[in-house]
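For the sequence shown, our numbering assigns the number 320 to the initial residue and increments by one for each residue that follows.
Simulated from the structure, these hints should not be mistaken for laboratory data.
Yeah, the Cβ is synthetic: ideal placement off N, Cα and C, and Gly gets one too.
Hints are not guaranteed to be accurate.
What the hints assert, rightly or not - Label-pair distances were calculated between CB atoms; the ranges are: (1) Arg-329 x Gly-351: 29 to 35 Å; (2) Arg-329 x Glu-361: 17 to 23 Å; (3) Arg-329 x Thr-355: 15 to 21 Å; (4) Asn-358 x Arg-329: 30 to 36 Å; (5) Arg-329 x Ile-356: 14 to 20 Å; (6) Thr-355 x Gln-390: 25 to 31 Å; (7) Glu-396 x Thr-355: 26 to 32 Å.
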Amino acid sequence: MTTFAKADRRKPRLTAREIEAMTWTARGKTGGEVATIMNIKEDTVRAHVENVRQKLKASNKTHAVALALAQKLIAPEPIWTSGETNTPFSGNRR
Numbered sequence: 320m321t322t323f324a325k326a327d328r329r330k331p332r333l334t335a336r337e338i339e340a341m342t343w344t345a346r347g348k349t350g351g352e353v354a355t356i357m358n359i360k361e362d363t364v365r366a367h368v369e370n371v372r373q374k375l376k377a378s379n380k381t382h383a384v385a386l387a388l389a390q391k392l393i394a395p396e397p398i399w400t401s402g403e404t405n406t407p408f409s410g411n412r413r
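Could you build the full structure based on these sequences and the hints that come with them?
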């Protein structure tokens, strides 16, 4: 196996801020919302997402999110089971 083939199988290194921006993006937040949450400019959010897109060789932001999730570079949203009591759906229901 060539050195290039080995390098292609390694996970890209993402910065902590790239991971944070991609995690919020994966959870459906807009660039403006991510900027507010992270206390940075929206242009900086776009730069983080673009850096990740390039590192993953993704064709667009959605593809970058899918690849980041598949490669376990970011974590998906938590999944609650029906037996758990501390969920977003555990409030009063009628």
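Task: Numbered hints the structure breaks, given as an ascending list - done: Violated hints: 2, 3, 5 and 7; rest satisfied.
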